[in-house]
Amino acid sequence: MKTIANLPEIYMTQTKAGPDIAAGRLPEDAYAENFSDLHPLLDQHEAQVEADRCYFCYDAPCMQACPTSIDIPQFIRQISTGNPTGAAKTIFAQNILGGMCARVCPTETLCEEVCVREVAEGKPVKIGQLQRYSTDHFMSEFSSTPFTRAAETGKKIAVVGAGPAGLSCAHRLAVHGHNVTLFDAREKAGGLNEYGIASYKSVDDFAAKEVDFILSIGGIDVRTGMRLGSNLDLATLRAEYDAVFLGIGLGGVNALGLEGEDKSGAIDAVDYIADLRQAKDLSELPVGRRIVVIGGGMTAVDIAVQTKLLGAEEVTIAYRRGQDRMNASEYEQQLAQTSGVRIMTWAQPKGLVGENGAITAIELERTQDQDGALTGTGEVITLPADMVFKAVGQTLVQTELGDALTLERGRIVVDADRKTSLADVWAGGDCVQGGEDLTVAAVEDGKIAAESINAALTA
Amino acid sequence: MADLRTDFIGIKSPNPFWLASAPPTDKEYNVVRAFKAGWGGVVWKTLGEDPPVVNVNGPRYGAIHGKDRQLIGLNNIELITDRPLEVNLREIKQVKRDWPDRALVVSLMVPCEEQNWIDILKRVEETGADGVELNFGCPHGMSERGMGSAVGQVPEYIEMVTRWVKQHSRMPCIVKLTPNITDVRKPAQAAKAGGADAVSLINTINSIMGVDLDIMSPSPAVDGKGAHGGYCGPAVKPIALNMVAEIARDPATHGLPISGIGGVTTWRDAAEFMALGAGSVQVCTAAMTYGFRVVEDMIEGLSDWMDTKGYTSVDQFVGSAVPNVSDWQYLNLNYIAKAKIDQDQCIECGRCHIACEDTSHQAITNMVDGVRKFEVIDEECVGCNLCVNVCPIEGCITMESMAAGSIDPRTKKPVEKDYANWTTHPNNPMAVTEAAE
Ligand SMILES: Cc1cc2nc3c(=O)[nH]c(=O)nc-3n(C[C@H](O)[C@H](O)[C@H](O)COP(=O)(O)OP(=O)(O)OC[C@H]3O[C@@H](n4cnc5c(N)ncnc54)[C@H](O)[C@@H]3O)c2cc1C
Ligand SMILES: Cc1cc2nc3c(=O)[nH]c(=O)nc-3n(C[C@H](O)[C@H](O)[C@H](O)COP(=O)(O)O)c2cc1C
Ligand code: SF4
Ligand code: SF4
Ligand code: SF4
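Protein sequence lines, in the order shown, are assigned to chains Y and S. Residue 754 in the working numbering sits at position 385 of the first sequence; the count goes up by one each step and never skips. Residue 331 in the working numbering sits at position 330 of the second sequence; the count goes up by one each step and never skips.
In isolation and in its complexed conformation, chain Y is listed as follows (with noise of 0.2 Å):
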């Protein structure tokens, strides 16, 4: 696995002619203006008007839609009657990460695409932003959860990612009173939503302090720099720790198969938006100029966006099938197109073209569906670039692991409960099978892990 650390040295490989990346290509202040946030706060007013809009409807679609089952009725109904501090708790009692869900969420095709008003007019309840009023409301009026811890079990659980899933099932445990550790191989708390959300959905280190606002329930020992499998091992964390729940996500990157590969300018997407998200000063991160991204999911969009933002001319996503069999929604997709990316379908990667160990080109092979069976045409075109991003997936690092978890295809195997084929460990998140790679799937997952791993330990 690429470490970010490695990556800067990536930069510093392009070197004279070849390439053309750099740093800087915006004028100063247009960074902050193409980095701010995709949908701003609503007002008062507009919250007001939009949470007027929704019928409260009867065990309603858009709850059941939630993968955490917010009662999302009941929270807009108390925007609507000007308790926004209700609207949150309502959030928070099924979703501690109610804030970053309402900034992440594919709504599009979660709750608001079954919204009455959506098959009505066309036209869905923003649930999304009505959720992000009421979570920015909460937090910016108070510092800590609306839950109070119950009274110390004494039992010890070890947590090990804090991402979205460990961080919701640190929580859970905390309010049942049991004390939490929280392992984290990285040096800050929040997983993804701190080094890979697209910046313009978490904007302001809002993923940060929603870490703070989390842990301040109480009960939670962060340990970051602690990586399973390095540091860690899973047999000890079992020996030490009444349970077990492992939220590692996926740390791995699949590689494209291409000779050239190591080439420099052939970059993992996730890595190189983790040093964006990092970033102190988006003008000194150095970006080319003609960009090629593979893959067409989300993490594929958000690259190819991302670099069209810190000012690369010529961006271009390949994706080997039809845009509908794409990962990223219809909604991402017209972002991307809107940003001025453009998709380019029926092609799949076949070669990297480089010169003095640096890419230059990427050669793209046509391809077809036939009877369902895709295969490459033989035509093949040559497109320029200064950098390739390969947004084909990640894998979860089975290594870390150590042989006592059953996988299946890659992943960790738990049950409804989210306990894995050992007693005393449960894991969530991106790392379990059938997953579906979303934030709010993942706190889902942490949230039951905790239920479960609380009614075990206190049968």
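Calculated directly from the structure, the hints in this document are not laboratory data. Watch out, some of these pointers could steer you wrong.
[What the hints assert, rightly or not] Which chain Y residues face chain S? A few, computed with CB under 10 Å, are given here:
# : residue
1 : Leu410
2 : Tyr424
3 : Asn452
[Unchecked claim] FRET-style restraints, in silico, Cβ to Cβ:
#  : chain 1 : residue 1 : chain 2 : residue 2 : range
4  : S       : Asp215    : Y       : Pro409    : 27 to 35 Å
5  : Y       : Pro409    : S       : Leu334    : 41 to 49 Å
6  : Y       : Thr593    : S       : Gln346    : 23 to 31 Å
7  : S       : Arg269    : Y       : Arg711    : 50 to 58 Å
8  : S       : Thr360    : Y       : Gln647    : 51 to 59 Å
9  : Y       : Pro409    : S       : Ser218    : 30 to 38 Å
10 : Y       : Glu490    : S       : Arg70     : 29 to 37 Å
[Claimed, not checked] Below, in silico cross-link-like pairs of lysine-lysine (DSS-like), each with a Cα-Cα straight-line distance of 25 Å or less:
#  : chain 1 : residue 1 : chain 2 : residue 2
11 : Y       : Lys458    : S       : Lys167
12 : S       : Lys68     : S       : Lys37
13 : S       : Lys310    : S       : Lys13
14 : S       : Lys13     : S       : Lys28
15 : S       : Lys374    : Y       : Lys492
16 : S       : Lys13     : Y       : Lys492
Quick caveat: nothing in here was measured; it's all calculated off a predicted structure. All residues carry an ideal CB built from backbone N, CA and C; glycine is no exception.
Mind docking chain S with the ligands on chain Y? Use the hints.
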């Protein structure tokens, strides 16, 4: 295009839409703007004796709002005109001269002494105004001084003052009634007995719009205190319609011309008042909310509707609904209706289900064969219309009447074809039985 010209107790106007006595009619400036916008007439803001009254200098209006801050109810603590009598009379005279085709009625309120009425009537007559309206309705401020609704709540006073007015003036006289009474027929009868040419109603309803929970005072507050005010606007229309209908169908006042007031906002509201017997309508809140331009669609809409119905003049439908205003006891108990949901229009919000399930007759499903679906269970539906009212999609749920002879799935009995009401129902201890000895 239908003829909207109106002749109300001899007062002619190009259409039945008058502005009610209130701020929109307090000055020549406003009234001229209103006439330019197309209003058929005005009742000038109530005149009193000099020295003029004074108004509070803080907020005088409060409101309640529906979704998206639609104003649905307004309340005020304004008094009658606070301008000198002379100024008002001069302007009235000028306006009537400049706008001879419009109705110009002058609203009056002076203390209950015959001489005071004689004096003011004389001066109004000199302006050439078309008539007077006696303000026996204002429920705040003036009533504390023995005027307004303090008179309107005592039928004997109404009759007495009305008689003075008819005795001392040739002008047509409209008596404006207060709704702050238990039986509106009594003041209407008194007005008729006193010789009134017409009644107008309703004036505003006693109300407190809300409480400011920070300062613990009725809102809006004037320096920390609030007084009850008069309530008007769309929210009062149902109360006004009922009162108009009561007077229209009371044998003692049947045929007495009525000017309908209270929440008229659209042409349809106006048509409804007229169908219940109003020969003209008066409007205040709609104009105060949206400006005078609202009259354009009132005129256009009423005229278009009349065309589609084949009415060529307004008196062809004024009062048409009165014969169908009934007492409960005469409603047909053999009429059976069932709700019906149009599945194509249904957006599956579930509101009909939960309303019926929680509070009524458990007659709407939320699941059919494991799928979210809202269907009426005819075996349980009593035809109450609650679901129709809570459904956000107009026309999605309808009430379908059952044909005579068919079997009501709820009672398992055939639907009777004959009309039968409570007065003869076997469960009525006072039932009139044919076989009575
Ligand atoms: C670029 C990108 C954009 C995305 N955008 C969206 C979006 O807009 N909306 C959305 O809903 N979802 C989005 N997702 C998906 C979403 O971020 C994930 O589904 C979610 O973060 C999963 O949460 P998690 O807790 O399972 O894992 P992660 O967020 O990945 O957190 C795992 C944590 O475990 C730590 N860790 C890893 N290995 C170890 C180890 N061996 N020992 C100790 N700690 C370890 C990591 O440092 C990390 O902090 C995006 C994903 C990516 C990659
Ligand atoms: C601010 C205000 C002042 C009013 N002043 C008077 C008045 O001086 N004389 C009067 O007869 N009615 C007065 N009214 C009552 C109106 O004429 C009318 O009867 C009432 O508002 C109901 O009509 P609406 O629902 O169209 O507003 C006033 C109403 C308002 C809102
Ligand atoms: S958490 Fe996400 S899916 Fe659930 S209600 Fe909020 S925005 Fe919608
Ligand atoms: S489906 Fe839409 S209208 Fe119904 S409760 Fe949910 S947000 Fe409100
Ligand atoms: S209230 Fe109307 S729209 Fe909603 S479920 Fe019932 S019938 Fe359908």
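Here is how each hint holds up against the structure:
1. The criterion of a C-beta within 10 Å of any C-beta in chain S is not met by Y:Leu410, whose closest approach is roughly 20 Å, and the hint is violated.
2. A cut of 10 Å between beta carbons decides the hint on Y:Tyr424: the least distance to chain S is about 5 Å, and the hint holds.
3. Because the beta carbon of Y:Asn452 sits about 13 Å from the nearest beta carbon in chain S, more than 10 Å, this interface hint is broken.
4. Taking 27 to 35 Å as the suggested C-beta distance range, the pair S:Asp215 and Y:Pro409 conforms, at roughly 30 Å.
5. For Y:Pro409 and S:Leu334, the hinted distance range of 41 to 49 Å is not satisfied, since their beta carbons lie about 59 Å from each other.
6. At about 56 Å, the CB distance of Y:Thr593 to S:Gln346 disagrees with the hint of 23 to 31 Å.
7. Taking the beta carbon of each, S:Arg269 and Y:Arg711 are about 54 Å apart, inside 50 to 58 Å as hinted.
8. Range check, S:Thr360 to Y:Gln647: Cβ separation about 56 Å, and the 51 to 59 Å hint holds.
9. Here the CB-CB span from Y:Pro409 to S:Ser218 is close to 37 Å, well matched to the stated 30 to 38 Å.
10. Range check, Y:Glu490 to S:Arg70: Cβ separation about 20 Å, and the 29 to 37 Å hint is violated.
11. Among the hinted pairs, Y:Lys458 with S:Lys167 is inconsistent with the structure: their alpha-carbon atoms are about 67 Å apart, more than 25 Å.
12. Between the alpha carbons of S:Lys68 and S:Lys37 the distance comes to roughly 32 Å, so the proposed pair goes past 25 Å and is violated.
13. For the suggested pair S:Lys310 and S:Lys13, the alpha carbons sit about 24 Å apart, so the restraint of at most 25 Å is met.
14. At roughly 21 Å between alpha-carbon atoms, S:Lys13 and S:Lys28 fall within 25 Å of each other, so this suggested pair holds.
15. For the proposed pair S:Lys374 and Y:Lys492, the alpha carbon gap of about 22 Å is at most 25 Å, so the pair holds.
16. With a CA separation close to 49 Å, the supplied pair S:Lys13 and Y:Lys492 exceeds the 25 Å bound.
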